[in-house]
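Trainee: Residue-level listing of the chains:
4 protein chains.
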Amino acid sequence: VGEIINLADFEERARQTLDPAAWAYLEGGASDEITLRANEEAFRRRRFRPRVLRDVSSCDLSTTLLGQAARMPVGIAPTAHHGLFHPECELGAARAAAAAGVPFTASTNSSLSLEAIAAAGGDRWFQLYAQRDRAVTESLVKRAEASGYRALVVTLDTAGQGRRERDMRMRDVMPQTTQGNDATGGNSLEAVAPFLSWRDIDWLRDLTPLPLVLKGIMTPEDAALAVEHGAAAVWVSNHGGRQLDRSLATIDVLEDVAAAAGGKAEVYVDGGVRRGGDVAVALALGARAVFVGRPVLYALAVGGERGVRDALAVIKAELRNTMALLGIRAIGEIARDCVL
Amino acid sequence: VGEIINLADFEERARQTLDPAAWAYLEGGASDEITLRANEEAFRRRRFRPRVLRDVSSCDLSTTLLGQAARMPVGIAPTAHHGLFHPECELGAARAAAAAGVPFTASTNSSLSLEAIAAAGGDRWFQLYAQRDRAVTESLVKRAEASGYRALVVTLDTAGQGRRERDMRMRDVMPQTTQGNDATGGNSLEAVAPFLSWRDIDWLRDLTPLPLVLKGIMTPEDAALAVEHGAAAVWVSNHGGRQLDRSLATIDVLEDVAAAAGGKAEVYVDGGVRRGGDVAVALALGARAVFVGRPVLYALAVGGERGVRDALAVIKAELRNTMALLGIRAIGEIARDCVL
Amino acid sequence: VGEIINLADFEERARQTLDPAAWAYLEGGASDEITLRANEEAFRRRRFRPRVLRDVSSCDLSTTLLGQAARMPVGIAPTAHHGLFHPECELGAARAAAAAGVPFTASTNSSLSLEAIAAAGGDRWFQLYAQRDRAVTESLVKRAEASGYRALVVTLDTAGQGRRERDMRMRDVMPQTTQGNDATGGNSLEAVAPFLSWRDIDWLRDLTPLPLVLKGIMTPEDAALAVEHGAAAVWVSNHGGRQLDRSLATIDVLEDVAAAAGGKAEVYVDGGVRRGGDVAVALALGARAVFVGRPVLYALAVGGERGVRDALAVIKAELRNTMALLGIRAIGEIARDCVL
Amino acid sequence: VGEIINLADFEERARQTLDPAAWAYLEGGASDEITLRANEEAFRRRRFRPRVLRDVSSCDLSTTLLGQAARMPVGIAPTAHHGLFHPECELGAARAAAAAGVPFTASTNSSLSLEAIAAAGGDRWFQLYAQRDRAVTESLVKRAEASGYRALVVTLDTAGQGRRERDMRMRDVMPQTTQGNDATGGNSLEAVAPFLSWRDIDWLRDLTPLPLVLKGIMTPEDAALAVEHGAAAVWVSNHGGRQLDRSLATIDVLEDVAAAAGGKAEVYVDGGVRRGGDVAVALALGARAVFVGRPVLYALAVGGERGVRDALAVIKAELRNTMALLGIRAIGEIARDCVL
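Protein chains in written order, with the working numbering: chain H, 1 to 340; chain Z, 1 to 340; chain C, 1 to 340; chain B, 1 to 340.
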């Protein structure tokens, strides 16, 4: 690639840059990677119905997420171990998000501690892997509150470890990075608790005033339960195709999940977002925001904070362009009939 | 390619002939070029239902468009900057259209002035990009009237600039051509006004006695509004896949748009026409005529006026052959049940 | 290819054997060859529902066609100019058909005269291209009667000449063969009459006691008209994809055509038959017999009469095998529920 | 391949290891191998609907098959001539099955005698090709009873010999193996009786107290008849795509067959199983167990008993992982709504 014009350019350049094992970890999905591919393809199959002569002289991309202003309906999804990709680690991506006015979600498994990441400012959310020892979990939550994180994103789709075969074949040559929250917290980070139930959600809801975002919901049934258990938001995700292969594409379940949420919880989606137009598709199908994972890491690998800023600018420019050509003046106007 | 037999032969020869940047400009579409490909594929997916023993000894391809006779239900779509492709510029294509008895649509962004193009004679229409300064727009319209253009084709799908990535990568090496209407008119041509509304259409309707053709309609909703605002024709177009990628293929929206026009406005379509049989498909789905863009430029690049004459002759021969084999004796007999 | 096991082996060996222009003529279809490919693909998309434990110890493939016994529900479709493919010309294929107990259809455009072909014996049908001069047509029909042909197959789908682009590119190097019926008949063979109507069918019906088989029917509407005009059989055909490209695949219209024939005319189909299993598919969808075109020419090119005998034996073995594995003991048991 | 991680790794390594004719025999299917491919593709097209927060801390894969405990709902399908693939012959696979706690089905055409295979212990079933001479059949059944086989699996889909063209081309170079049941039994093994009827099933049911498993059922009609004739289980199979090409994929008929069995017979399925997740798909669609054929032979070729143990361990790990990520705690919880 010469000039960087779209997110695929970041991907190609990152592929050339990164250590093969780090690349396998970043790019790979579970088993046959059917869901990995399906996520992207499901977006690409959707078709727009553009309207004309709607005077889009002002085109407002801003929205609110959990009550906080966001300059576009896009956030950065939690991804682990940024140290594998760039020496700025999570700070690069977090600062870029703050500069762009969109939320950054810090992973429990970040290379830097959540306190270190907090220095980036901006709207920060904390992604929680509930730990086997509830005291460790509680400590993580309290640290997140103390460091100004504004939402707790609980990952639900890790009842088993996804069979990521690229990783399995690279196991012995995988580069190492720091475990940020282990080194700096009051408790040592233990193995993730795989066997969560709705009682754990109730316990978390009582533990913290932070809004709970439940990530990994793929069915209307679970969306309805999430609302019932007090979730502030339902995050449609199949973990980027890294957990259960042959799961449905996220965009294909979004509409039913949003209907089940019934306006009582915000609805987010991740998986396969590679174009600003994807954001419009997701919003038309009921999402309030879209979260971006791998492309942020591509951009981080290519240029640290600067790269991620550029990637977010590409998404924004593409989304603005899509909205103008759809005849949409504000985020709230993106309705079901924009896409087929 | 040896002998030229079909439009794909022109395309291949043009590819070999043209400067790579001019080729990229001609051939490219927006973003992932999904809509660019979808336009052609949507035609190719349709299937004919041929009838036999209908005595097609006379097979009449003639029709009328906006009340003017046309020797076949085909016209030349507006495309910019013919100077990039052949020294005859727009005159080559316009003369070929006049010779073939089909309308030629001159682009606002032509390499020659609209007055210079008028020398070609024939049924000429003027494509208008409304300008930021209404006085400039008015001047263009009055010049078109004065030069004998018979219709005003208003392009509606440019509320943003399509993200044509092939162009973006070729920006620095794009060859230059003249801006015909700038040099010869009374006003200098300014930036296109992106933010049109139906009030601008009303203003144009009051400004000129020319029939208004609204180009870039992709939904029944907008087709109904077009009729309501006095359009003489609705032109289904996604700008050849150059504006909003993932727009529906034009042929896939045609039937609904035609139903919404309800016979109160003529309906045209462009995008992906590569065979005379495509014309029959479009007419069966409700179009009164089909407009051809890129193939005209391929033929212009290959052989100037002569090339475009040959290309129009290929389309006509293929259309006549399709009609005979369908058991159709006249344009008006091409009905919905000809295609599946 | 080493050993010849299936019809594709004949095709591959013929490709290696034949002059490139003869190959282009044999293999090519109209325009983009969409229908050419669709014919084969439509068969391959169908799925069988095999039944078990039906005691297929006797498996009877015989049937009757127009009242004549046939040893399997298969015939040889009319194809022109066998002299391009093998020095035995039509006699090779006709003798093989007689030996296999299936009908051979001699083309008006055969390399040998219809009288010469009659020497092959067996159940022979004559394919008629109606001529501009009715006297010539009448002469052909009377010669066919006198030479013992038992049916008149009237080709209906030549209201125009299919645009076979492979042929067009090879025009100057096409090898020559004799025009059998011109040299030997009482009248010279003129250009085919393209502009037939149902009145011509009525005239033919009154002209000859031979049963009329109408070839080239692709719609239920025309099938109903065929019955009304006294056709003994309706032959579903798109001329092997050589006439109107993007016509539906024959197997995809068969069921509706058969329903329209309503048992008042026999129903045949050709186009894309490459396996004995295809015969079972066609019969399940309403055909009484299947006609084979190109594969007979592949086999003729490979081995003359011997080759065609072998090809017919392959089809028979495959059909018998398919029937046994479907749990079918006789042709009449192949019912709609055998295929999906 | 380096490390062996999934069943495809076994396949690739077996391909590198085996004699080309043995490989062709193992890998090939009938005719165009459409059904061979369709079996695998039908599994891959299905999509999971994962549930979260279901506390899968205990995940129980055990089930019963014909009243016998199995440690997972998986068995080894009958395949012939293991001696072509590994010197341990059937004993390698049978011992691996016993070690894994799943049933092994010995083929009539095994390289070792059924008595020799009995030494492996475990839950063993005997696959019967009914012989032309009922006395030979009876002898096989009585030997199977005497050697502790617990079920009689009667193969029904061999009313003809599948046209396996890879084999036909390799006929002269196919390596030889022993015919185990010929050498050791009291009667010589004759040609298989192709022409079975339901009366033969009735005779077998009266002949032996062993539960009858009818293998090769592909329609609800035959499933209903199987129940009526006293089958203990219905085994959905198209013989791994080796008999009737273009048969439906097994997974695509499973649901209807299971509905027809109506809980009165157990339902099994084979064909195209390559992932533990496939087992979950099949159970969701109504199967009680899935049988694995070719992958067992890949593994046998790669490593004898050790290889097959490893292959079964891969399937089990993948199934356990799939169940955990679906939110399933026990085999009985895999319900219709798990898959789309």
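Rather than coming from a laboratory, the hints here were simulated on the basis of the structure. C-beta atoms are modelled at their ideal positions from N, C-alpha and C, and glycine is treated no differently. Don't take every hint at face value.
[Said to hold, decoys possible] Beyond 12 Å from chain C on every Cβ pair, some chain Z residues (computed):
(1) N6
(2) A8
(3) V52
(4) S57
(5) S58
(6) D202
(7) P220
(8) G262
(9) G277
(10) N321
(11) T322
(12) I328
(13) A330
[Stated by the list, open to error] Some chain C residues near chain B, calculated using beta-carbon distances under 7 Å:
(14) R47
(15) A224
(16) V227
Trainee: Hint by hint, note whether the structure agrees.
Mentor: Hints, verified against the model:
Non-interface status of Z:N6 relative to chain C is broken: a Cβ of that chain comes within 12 Å, the nearest being about 6 Å off. With a least beta-carbon separation of about 9 Å from chain C, Z:A8 fails to lie farther than 12 Å from that chain, contradicting its non-interface assignment. Residue placement check: Z:V52 does not keep its beta carbon more than 12 Å from all beta carbons of chain C (closest about 4 Å). With a cut of 12 Å on Cβ distances, Z:S57 falls inside the contact zone with chain C, its closest approach being about 4 Å.
Separation of Z:S58 from chain C is inadequate, the least Cβ-Cβ distance of about 9 Å not exceeding the 12 Å criterion. Taking the minimum C-beta to C-beta distance to chain C, about 42 Å, the non-interface status of Z:D202 holds against the 12 Å cut. The claim that Z:P220 is not at the interface with chain C holds, since no C-beta of that chain comes within 12 Å of its own (minimum 26 Å). Separation of Z:G262 from chain C is adequate, the least Cβ-Cβ distance of about 27 Å exceeding the 12 Å criterion.
Its closest Cβ contact with chain C, about 6 Å, brings Z:G277 to no more than 12 Å, contrary to its assignment away from the interface. Residue placement check: Z:N321 does not keep its beta carbon more than 12 Å from all beta carbons of chain C (closest about 5 Å). Annotated as non-interface, Z:T322 brings its C-beta within 12 Å of a C-beta of chain C; the closest such distance is 7 Å. Interface exclusion of Z:I328 from chain C breaks down, the closest Cβ pair being 10 Å apart, not more than 12 Å.
Listed as outside the interface, Z:A330 is consistent with that label: its C-beta sits roughly 14 Å from the nearest C-beta of chain C, beyond the 12 Å cut-off. Annotation: C:R47 was flagged as interfacial toward chain B, and the flag holds, the nearest CB pair being 5 Å apart, inside 7 Å. With 7 Å as the threshold, the beta carbon of C:A224 stays out of range of chain B, its nearest partner Cβ sitting at about 31 Å, so the hint is violated. At about 32 Å, the closest approach between the beta carbon of C:V227 and any beta carbon in chain B exceeds 7 Å, and the interface hint on this residue is violated.
Figure legend: structure checked against the earlier numbered hints; hints not met, in rising order: 1, 2, 3, 4, 5, 9, 10, 11, 12, 15, 16.
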